[in-house]
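Protein chains in written order, with our numbering: chain A, 81 to 162; chain B, 124 to 705.
If you're looking for bench data, these hints aren't it; they were derived computationally from the structure.
Here the structure is a predicted model, which is why all the values come from computation and not from measurement.
Accuracy of the hints is not assured; some may be wrong.
[What the hints assert, rightly or not] Straight line, CA to CA, 35 angstroms or less: simulated DSBU-like cross-link-like pairs of lysine-lysine: (1) B:K285 <-> A:K83; (2) A:K83 <-> B:K664; (3) B:K347 <-> B:K674; (4) B:K285 <-> B:K636; (5) A:K83 <-> B:K655; (6) A:K83 <-> B:K439; (7) B:K674 <-> B:K664; (8) A:K83 <-> B:K195.
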Amino acid sequence: MTKDDLLAIIADELGRIAPEVAFNSVSLDDAIQAAFDIDSMDFLNFIIALHERTGVNVPEADYARMRTIASAHAYLQERLGI
Amino acid sequence: MARPPIAKSCDNVAHANMPDYARAISDFSWDKARAMLDGLPGGGLNIAHEAVDRHVAHGRGAKCALRWLPAKGDAVELSYQDLHRQTNKFANVLKGLEVAPGERVYALLGRTPELHIAALGALKTGAIFCPLFSAFGPEPTRARMEIGEANVLITTAAHYRKKVAPWRAALASLRHVIIIDQAPAEGVLGYHALMDAAAERLAVVATRPDDPALLHFTSGTTGKPKGVVHVHEAVIAHHMTGFYALDLHPDDIFWCTADPGWVTGMSYGVIAPLTLGVTSIVDEGEFDALRWRRILREERVNVWYTAPTAIRMLMKADAQAPQAEHFPALRFLASVGEPLNPEAVEWSVHAFGRPFHDNWWQTETGGIMIANYASMDVRPGSMGKPLPGIEAAIVERAGDGVRVTDTPDTPGELALKPGWPSMMRAYLHQDERYKKCFVGGWYLTGDLAMRDAEGYYWFVGRADDLIKSAGHLIGPFEVESALMEHPAIAEAAVIGLPDPVAGEVVKAFVVAKPGHVANEALRRDILGHARKRLGPAIAPKIIAFIDDLPKTRSGKIMRRLLKARELGLPEGDLSTLEGGAQ
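Please model the entire structure based on the sequences and the hints provided.
Okay, here's the thing in structure tokens:
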């Protein structure tokens with residue numbers, strides 16, 4: 081999996097939950113929940129979906145690192161060693 | 124029901140505001156409850172006076188009323204004196220804008236002190252205050268502002284731009300929009316500029332106990348949302364239930380996590396803790412398990428009132444990474460919104476050293492009606508026993524009246540004897556619907572429940588098609604109407620699907636119009652459409668395509684049948700099904 085593949089997975093999963101927000105219209109440093117109007121339940125679903133697609137199980141203690149697209153992307157790369 | 128009760132220690136009982144339930148019931152009268160408050164100096168009763176001004180008059184102005192934790196940045200404290208000054212100023216702002224008693228002041232705000240100031244300031248002028256949920260999209264916002272004929276709106280620049288500006292011109296009653304985080308601009312006023320110019324002295328309007336004070340919207344199965352009207356004397360019930368059911372003591376730090384857009388956020392996030400003179404934590408942030416545990420610990424919260432969905436999310440986080448933290452300050456935990464499952468009650472004993480106390484009430488009742496108390500054993504899964512002054516029963520509709528069911532453990536509709544001060548006084552402009560709630564001298568709640576031999580009540584289900592998701596009551600009709608506006612949808616039906624965390628989640632079944640292909644791209648397009656119009660809190664989480672919707676011969680969609688099929692349950696009486704019951 082490349083960095084680009086990973087970003088595409090993040091974009092796809094956000095699109096599944098909040099399709100009305102164009103991924104390209106959001107800055108990579110915006111808070112995901114605010115930018116995509118995602119409630120806490122959907123945020124958990126997003127984390128679960130990423131687990132299913134990347135194999136990375138994000139513990140609660142690391143949720144802070146999933147706050148923005150950029151930080152989530154960097155965190156998943158780190159966990160996957162890419 | 125077979126789970127063992129959680130017993131209370133002698134210490135719990137001795138320090139509780141209600142040490143003896145039976146005695147509290149027999150000693151109680153609403154006159155005594157009324158005497159716990161002051162009334163206006165010149166006569167009359169006003170919620171804001173009881174919540175703020177009387178503490179200042181009694182020399183308690185320096186006490187911290189609100190400790191606000193912004194999403195980012197340092198905590199901000201407001202004393203009762205600060206709140207007194209600010210609410211007077213906001214009342215003067217409204218008077219300057221010629222807002223008359225009985226006019227409607229709406230708020231579309233998150234958990235910020237401006238919400239408290241706007242609510243209490245508006246009440247001081249005799250205006251009716253209506254909080255809206257900030258996760259609503261433009262359509263639910265518009266519907267609620269139209270029904271209540273909003274005169275003033277206080278909100279943020281972002282909410283205004285997205286949810287109100289596009290249709291504002293269509294609402295003639297809306298004279299002023301006040302923006303809290305922006306300078307005055309064309310068509311909108313700036314909160315800070317108005318407040319800076321406003322005087323601090325104010326004579327609170329001498330509202331009578333039965334003058335309308337609050338407007339809360341709740342969903343119906345069919346038709347438009349219902350505007351539930353509460354009056355100033357509701358404060359007697361807010362105060363009394365905060366004392367008995369939440370066991371609030373004068374020196375408590377209290378944290379109600381509810382959003383101010385819902386009745387819990389108003390009755391117990393704003394009013395009750397203030398009338399009881401405690402310090403409230405107001406957290407602007409969204410749910411976050413680590414943040415919440417930190418707030419409980421660092422803010423030394425004594426009494427915590429939250430909701431099952433949040434409790435179950437905390438449980439999930441705990442199962443993933445168990446925490447060995449202690450919360451020595453925490454004394455009383457309460458939950459409301461939907462029934463709290465017994466596992467969650469038992470988990471709380473391990474996680475916090477104390478059980479959650481579930482309680483039951485609804486927008487119409489204005490305050491807690493049935494509760495588990497600090498001095499009483501908790502039966503996990505039960506909503507507890509009725510408050511002093513509240514007469515509850517399980518009834519069965521029979522002809523034009525109702526029959527009270529006295530046999531224990533028999534399901535029926537939960538009914539309450541009207542007459543407590545926070546009972547709704549109207550569904551705004553919907554008199555027929557209001558009258559239909561009362562049968563044979565009882566208020567029928569629409570909830571099915573049963574009572575055990577010891578007098579504890581147990582929730583069974585809803586008597587109608589309303590959906591309870593994350594503590595929010597969602598009307599299927601409102602969701603279906605928004606879906607029907609999508610150009611590819613011919614028909615839509617919405618049900619609540621059981622969910623281990625949210626209680627229920629909204630699932631929509633849609634029939635695509637001829638010429639539209641039911642695929643993932645269309646599903647996303649419909650979901651995006653629903654989220655844009657309704658907002659994330661009530662838009663469906665799941666959308667499924669279906670060829671036909673089951674209907675009655677008269678053309679009514681049988682949501683119940685869709686749900687039974689979805690869950691693999693017996694389909695029940697199909698005699699009215701269109702095409703017969705084959």
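Is it true that the CA of K285 of chain B sits at most 35 angstroms from the CA of K636 of chain B?
holds, 29 angstroms
Against the 35 angstroms threshold, does the CA-CA distance of K674 of chain B and K664 of chain B hold or violate the hint?
holds, 23 angstroms
Would the hint linking K347 of chain B and K674 of chain B be met if the CA-CA limit is 35 angstroms?
holds, 21 angstroms
Run the distance test for K83 of chain A versus K439 of chain B: straight-line Cα separation, threshold 35 angstroms.
holds, 30 angstroms
Between K83 of chain A and K655 of chain B, is the straight-line Cα distance small enough, at 35 angstroms or below?
holds, 31 angstroms
Does K83 of chain A sit within 35 angstroms of K285 of chain B, going by the straight-line distance between their CA atoms?
Roughly 34 angstroms between the alpha carbons, so the hint for K285 of chain B and K83 of chain A holds.
Hinted pair K83 of chain A and K664 of chain B, Cα distance within 35 angstroms:
This hinted pair holds, its Cα atoms lying about 29 angstroms apart.
For the pair supplied as a hint, K83 of chain A and K195 of chain B, confirm whether the alpha-carbon distance does not exceed 35 angstroms.
holds, 30 angstroms
Every hint, counting from the list given before, is met by this structure.
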